[in-house]
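Peer 1: Required output: the full structure, derived from the provided sequences and hints.
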Amino acid sequence: MLPALERLSGTRLRVWRRERGAATVVAGAVVDWAPPAEPDGGRAGGRVETPEGKAWFEPVPGMDGVWLEIGGKRGRGKREGTSLPTAGELAEIVGSLLSAERETAHVAAELSERYEEIDLIYTISEILGHTIRLDDAAGRILGEVSPVVGARRATLLVLDEERRVLRLVAARGMDPKAVEPIELDDPCSVAARVFREGRIVSYDPTDPTAPNPGCPVGRQYKGKAFLSVPVLYGAPGQKSRPIGVINLTDRVGEDAFTAGDRKLVAAIANQIGAAIENARLVARDLGQERMRQELELAHDLQLKLLPSPLVVAARADVAARCRPAESVGGDFYNLLNLHGDRVGVMIGDVTSHGFGSALIMALAMAAAGIHAEATVSPAEVLARLEQSLSEELQRTEMFLTLFYAVIDPAAGRLAYANAGHAHAFVVSGDSGEAIRLAATRAPLGVAAAVGGDEARPWRRRHDLLCLFTDGLADATNDGGARFGEQRVLGHVTALRQRPAREILEAIYTDVAAFTGGGPASDDRTLVLLKV
172 MLPALERLSG TRLRVWRRER GAATVVAGAV VDWAPPAEPD GGRAGGRVET PEGKAWFEPV
232 PGMDGVWLEI GGKRGRGKRE GTSLPTAGEL AEIVGSLLSA ERETAHVAAE LSERYEEIDL
292 IYTISEILGH TIRLDDAAGR ILGEVSPVVG ARRATLLVLD EERRVLRLVA ARGMDPKAVE
352 PIELDDPCSV AARVFREGRI VSYDPTDPTA PNPGCPVGRQ YKGKAFLSVP VLYGAPGQKS
412 RPIGVINLTD RVGEDAFTAG DRKLVAAIAN QIGAAIENAR LVARDLGQER MRQELELAHD
472 LQLKLLPSPL VVAARADVAA RCRPAESVGG DFYNLLNLHG DRVGVMIGDV TSHGFGSALI
532 MALAMAAAGI HAEATVSPAE VLARLEQSLS EELQRTEMFL TLFYAVIDPA AGRLAYANAG
592 HAHAFVVSGD SGEAIRLAAT RAPLGVAAAV GGDEARPWRR RHDLLCLFTD GLADATNDGG
652 ARFGEQRVLG HVTALRQRPA REILEAIYTD VAAFTGGGPA SDDRTLVLLK V
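Just so we're aligned, residue 172 is where the sequence shown starts under the numbering used here, counting upward by one.
Worth flagging that the hints you see were computed from the coordinates, not collected in a lab. All values derive from a computational prediction rather than experimental measurement. Cβ atoms here follow ideal geometry from the backbone N, Cα and C, with glycine treated the same way. No incorrect hints appear here.
Think about it this way: if two alpha-carbon atoms lie no more than 30 Å apart in a straight line, the pair counts; the simulated BS3-like pairs of lysine-lysine are: (1) Lys410 <-> Lys434; (2) Lys395 <-> Lys348; (3) Lys434 <-> Lys395.
Label pairs and their in silico Cβ distance ranges: (4) Pro407 <-> Cys386: 33 to 43 Å; (5) Asp471 <-> Gly689: 17 to 27 Å; (6) Ala276 <-> Asp375: 25 to 35 Å; (7) Gly259 <-> Pro174: 17 to 27 Å; (8) Arg273 <-> Pro347: 44 to 54 Å; (9) Arg658 <-> Arg566: 35 to 45 Å; (10) Ala438 <-> Gly259: 40 to 50 Å; (11) Arg566 <-> Tyr679: 27 to 37 Å; (12) Met345 <-> Arg433: 19 to 29 Å.
Peer 2: What follows is the structure in structure tokens.
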């Protein structure tokens, strides 16, 4: 613009700036000389002799130390017949141009700074959008944030809800192993206070009036400038709550973190808050899916421990079914081919259900076959089985009802031992009478083994052995009524001439209809056997 003003005014124009006693050309032709000190102390213009001739130096309004040199024949007046700008008017025009240029430079610098911040937020959004694991994303985020705000060290702490501490998930400029979990009620921890109060805390050690953020006595903060920002999250329609803290410490340079830094980190903390919550949801879903798969595997493995009725199909007509109330349970049965065409039948019910009872069930299944093969007496089998399980039964404070019978069809004899199992019956093929096989001793794990075998006649292809657990008899409907033992025996009596499998299906169908098909509160097991 200066050449245009020269043509308009018909003079030579040059802009000077004086800083620390030295004058330099800001605009116009560069020369190897400098004007003397500011005319009239800088308060008004003045005429100065220069190597190029006389010139008028006019102070530029609004620009301290800036002068407009007006050279040539033209003075401060007006050329005859024309209306030209005066020296003061020319200085005002130059001042306006310089002010606009300075404002443009300031806006450009601010835009450049804002661009860096916007680019940072975009980068973090990209990181969080492509990373499920929070610890992976957190390290990258701290690496992006720290240089922008000028922090040499940074940490991200996240609430451990179970232990109620702030746990480190990422660190920059320091050894993560050196950071211990922080108790939420720690009175000397700045991070804990920021979390509790849910507000930003910053510290400028160069400000003598700034209160030390540490303890008044003892553990005072002795580092450089720092900025601690709570990480907040609020579900839609709910109030935000703190779930972590970002700490930025050891500010580069002497100054403290700015208000712009606080706003920027607070915006990033909001992004991280949503990411933390998402990571927790993902981890919970993955954990639940993993648990579901493990439960399904445990369920399948437990059912595979139970023998198929085909094991004794050559000697007997057998139907058996076990339905755990949960993925795994404490009910079990066993079918054994013994010497001399004898058949062994066992049913057990571990108190409670779930993994604890499933463990006892698995151990009982493993030991039962070994003891049954080595021992003729059912009572002795139960005694040895109790000895094998004693340690686990004591540790878990569980007990086990167990019925074990050996049927010798050639001798027409059924020998059994009953450790407190209530539902064991022989149903007569003629009359349909259900004869209870009473307990011969206490459940395993309750008292020392007392009692021997009991025996009764067994009519081949005539009598039927019916064994079931409490879960079947205690099944309830919506009104709270029990399915009951007699309802189970009613089906067995009415269908005693039918194959065992048909009787079993009829009972389970009736139980499902009675209970409405809802979830069972206890394991349900039924074994029916004809020899």
